[in-house]
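If you count the sequence shown from 1, position 89 lands on 88 in numbering that gives the first Met the number 0, and the numbers rise without skipping.
Any given hint might turn out to be false.
Label pairs and their computed distance ranges (CB to CB) [stated by the list, open to error]:
hint, residue 1, residue 2, range
1, Leu127, Pro59, 40 to 46 Å
2, Gln107, Glu86, 15 to 21 Å
3, Leu23, Val57, 19 to 25 Å
4, Val117, Asn11, 23 to 29 Å
5, Arg22, Leu120, 35 to 41 Å
6, Ala126, Ile102, 21 to 27 Å
7, Ile102, Glu29, 32 to 38 Å
8, Arg22, Lys129, 48 to 54 Å
9, Lys12, Asn100, 31 to 37 Å
Cross-link-like lysine-lysine pairs, in silico, BS3-like; alpha carbons within 27 Å at most [claimed, not checked]:
hint, residue 1, residue 2
10, Lys83, Lys95
11, Lys129, Lys114
12, Lys25, Lys12
Note that these hints are calculated values from the structure, not bench results. Just so you know, even glycine gets a beta-carbon here, dropped at the ideal spot from N, CA and C.
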Amino acid sequence: MVKKVLTNLNVNKSAGPDGITPRLLKKCSESLTKPLTMIFRKSLQTGDVPMSWREANVTPLFKKGSKTNPLNYRPVSLTSVVGKVFETLVRDALVKHTTENAIIKIQQHGFMKKKSTVTNLLEYLEALTKARDQRIPVDVNY
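Whole structure, please, built from the sequences with the hints as guidance.
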């Protein structure tokens with residue numbers, strides 16, 4: 000799993016505060032897979048996440064309008080790529096476990112692959128249309 004995440008890194012992304020780039024991790028994935036796997040396992044066993052994975056460089060990113068107006072910028076946090084790899088592995092394991100064990104209902108759309116606000120709205124509209132066609136009253140709260 001670690002190697003798969005490393006080889007799928009976007010090399011055009013920025014490094015975090017530790018200076019480790021996605022390009023470095025991807026190019027060295029063969030050599031880094033085993034040591035990173037050991038570090039990640041130890042972190043999961045102990046519950047300790049290295050401080051360097053939790054630190055971020057916050058950079059203002061210009062949106063639009065006047066560059067002299069601070070409100071036209073949004074903050075972007077650049078975090079450790081190694082930390083993001085770890086988070087990806089944990090997220091994927093949680094999604095797999097919750098999906099395989101039917102812990103998360105199929106109606107869940109947020110934070111799910113191949114689902115979005117649009118897919119949620121389409122299912123909602125379909126349910127409303129079906130209820131209307133069958134003359135079933137529906138209460139809607141916003």
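Taking the hints in turn, this is what the structure says about them:
1. A hinted range of 40 to 46 Å holds for the C-beta pair Leu127 and Pro59, which are about 43 Å apart.
2. Taking 15 to 21 Å as the suggested C-beta distance range, the pair Gln107 and Glu86 conforms, at roughly 19 Å.
3. Against the hinted window of 19 to 25 Å, the Cβ-Cβ separation of Leu23 and Val57 comes to about 22 Å, which satisfies the hint.
4. A hinted range of 23 to 29 Å holds for the C-beta pair Val117 and Asn11, which are about 27 Å apart.
5. Look at Arg22 against Leu120: about 38 Å separates their beta carbons, and that is inside 35 to 41 Å.
6. For Ala126 and Ile102, the hinted distance range of 21 to 27 Å is satisfied, since their beta carbons lie about 23 Å from each other.
7. Under the hint 32 to 38 Å, the C-beta atoms of Ile102 and Glu29, about 35 Å apart, fit the expected range.
8. The hinted window of 48 to 54 Å between Arg22 and Lys129 holds, with their beta carbons roughly 50 Å apart.
9. Taking 31 to 37 Å as the suggested C-beta distance range, the pair Lys12 and Asn100 conforms, at roughly 33 Å.
10. Proximity of Lys83 to Lys95 is assessed by CA-CA distance (about 18 Å); at most 27 Å being required, the pair is judged to hold.
11. Distance restraint check for Lys129 and Lys114: the Cα-Cα separation of roughly 21 Å lies within the 27 Å cut-off, and the hinted pair is therefore satisfied.
12. As the CA atoms of Lys25 and Lys12 are separated by approximately 12 Å, the hinted pair is consistent with the 27 Å bound.
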